[in-house]
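These are the residues of each chain, in order.
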Amino acid sequence: MSVPPPAGRRPRLRSIVLSLSLVAVLILAVMISAVMGQLDVSPGDVVGSILSWMGIPTSLAPTDPVVSATLEVVRFPRIVMALSVGAALAVAGALMQAVFGNPLAEPGVVGVSSGAALGASTAIVFGISAAGGGVALLAFLGGLGATLLVYAVARAGGRTEVVTLLLTGIAINAFAQAGLAFVLFLADTASREQIVFWQLGSLAGSVWSEVLIVLPVLLLGTILAVLMAHRLDLLALGERNARHLGVDVEQLRIIAIVLVALLTGVAVAFAGIIAFVGLVVPHIIRMALGPSHRGLLIASAVGGGALLAIADLLTRTIVQGADLPIGMLTALVGGPFFFGLLYQQRRRSGGWA
Amino acid sequence: MTTPAPLIELTSVGLALDGRAILKNVSLQVFPGEVLALVGPNGAGKSSLLSVMSGDVPATTGRALLQGRDVSKYRVDEAARQRAVLMQSNEVSFPFTVWEIVEMGRAPWARTTSLADDNEAIAEALEKADVRHLVERRFNQLSGGERARVSLARVLAQRTPAVLLDEPTAALDLKHQESVMKTVREIAGQGRAVVVVVHDLSVAAGYADRVAMVVDGKIAAVGSPREVITAERVSEVYGVAVDIETVGSPARPVILPQR
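First to last, the sequence lines map onto chains A and B. Just so we're aligned, residue 1 is where the first sequence starts under our numbering, counting upward by one. Just so we're aligned, residue 1001 is where the second sequence starts under our numbering, counting upward by one.
Because the hints were derived from the structure by calculation, they are not lab data. Warning: the hint list may mix true and false statements.
To be verified - Between beta-carbon pairs, the in silico distance windows are:
hint, chain 1, residue 1, chain 2, residue 2, range
1, B, 1033, A, 171, 50 to 56 Å
2, A, 23, B, 1033, 53 to 59 Å
3, B, 1243, A, 240, 36 to 42 Å
4, A, 148, B, 1027, 39 to 45 Å
5, A, 254, B, 1005, 22 to 28 Å
Said to hold, decoys possible - Per the computed footprint, the stretches of chain A lying under chain B, defined by three or more beta-carbons under 8 Å from a beta-carbon of chain B, are:
hint, stretch
6, 200-208
7, 233-240
8, 281-295
What the hints assert, rightly or not - Some chain A residues judged to face chain B by a derived CB distance under 10 Å, without partners named:
hint, residue
9, 98
10, 247
11, 322
A virtual CB, placed ideally from N, CA and C, is assigned to each residue, including glycine.
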């Protein structure tokens, strides 16, 4: 029996090219983000600063203390936060799509982000250690609650019809908004303002202590997700087929859902609601690489990070001297994209199912 | 002569879903090396019977054994190395290629076989289901019959002792219907046990070693095709008068509705 042609597998060259260009875009975005801002910094300063942080003293290291402070205290944490939040949201999106067997599932659309936002604002208003882990923990719990709710309501036989998914999203978003309104009503003026702006999404004022919460969660979540990648592929055949092929479907789904809630919760807790990253990034990667989850998850993490770094750069450079809300920007781009996807799906299946 | 131990053994299996009795007191054995066809009217419980055999649904009463062990007591990955299942409808959520889909059939054997074995199993499965020319196509872009054959290839690549097929020929043209049933015979010839649900009684009579007629959740008859598929029984069960002719070489029965 002859071995089938290797052409049956996806061309490797394409994925290598894509990965390299994603990394290139990522590095470029990081570099430009570090250079641009109210204080002019040269690319040499940036490289030198990174090298000296890694313990390699070079002549490039910035001599001006203002420059090195700007980079180390203001710009770098913000950039790393953008990368982490973008990666977390993209990985959460890809995971959620795998569990729901639907490419339109996304934490923002389905209401997981709102659930996390409700949890986080509750923490802010009741002063549950406003800066640190309390907000993240309640955001996680809120996100988890919302995910479990969607999961329980919207799935049938391992798949979720588009209509059901969106309607469930509407219901959960409405409920979470009502909760948010109530929390806002209870809040004093200061935390009310804080919540309103935080909800629009922003990476301004990111500090290392926050980054150090987001980054480990992102790494853990992404590694676990990649370890499950092959089983997530099998899930695309439907629950029963996946079980026939030896996948413990229940266990897989529970782990995936907790990961979605963790990744979304931690992103929302420190950056507010940034919608559509989890929708747009995996979709584009899937078109380029194919749906196999190992490549999809890794490339989505890199692509999500790059996308949010670029988006964040735009929010602070489009209008001179002002920080636009980043959630507004991603929704502005993601909204039409989502609409296009819906239109495509509708044409294909000949209806809203 | 001693008969070999049955690969699948159902003893007085009853199944109730939402208080409705789907299966009633079903006892059935399937032996290695044989093709058992399940026939019967729509809604008789054939698919439910397969679900019990595969361990998807636990029997409400009685017991279902696979290789002598309660099928619901298997770990999912162990069961996946003992039995493969082709379901009636096969949809795939994301645009995987045909190669990727068939490769998924090897998942239960991860870390137990070599890559060469996997490739050999996949190549054989692609050949048998006649989908080799489709390997680079995306599953979602295939026709219904092509999808059915790709799904069959996935099941064949799994290379399990027991193979359960729910209407593998439903969406197929004449040529592929014949080639699929020949494949079914071949894999039984390798000493595996095949249970296949078919609607075409002539196909069942022509290819199966034994036929079990399922009516209203019960086994109305089980035995050789000639014993089970008789004009009187078919007329009674289906409510359609039929003639049974013997044609061809080797001679095989053909079931024709009277008009």
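Hint by hint, here is what the structure shows:
1. B/1033 / A/171: 50 to 56 Å: The hint (50 to 56 Å, Cβ to Cβ) holds, given that residue 1033 of chain B and residue 171 of chain A are roughly 55 Å apart.
2. A/23 / B/1033: 53 to 59 Å: Check passed, 55 Å falls within 53 to 59 Å.
3. B/1243 / A/240: 36 to 42 Å: 39 Å, holds
4. A/148 / B/1027: 39 to 45 Å: 42 Å, holds
5. A/254 / B/1005: 22 to 28 Å: 38 Å, violated
6. 200-208: Since three or more residues must qualify, the claim that chain B covers the stretch 200-208 of chain A is violated, with 0 doing so at under 8 Å.
7. 233-240: As far as the stretch 233-240 of chain A goes, the hint holds, because 7 residues have Cβ atoms under 8 Å from chain B.
8. 281-295: holds (count 4)
9. 98: 8 Å, holds
10. 247: Where the cut-off is 10 Å and the nearest Cβ of chain B is about 7 Å from residue 247 of chain A, the hint holds.
11. 322: 41 Å, violated
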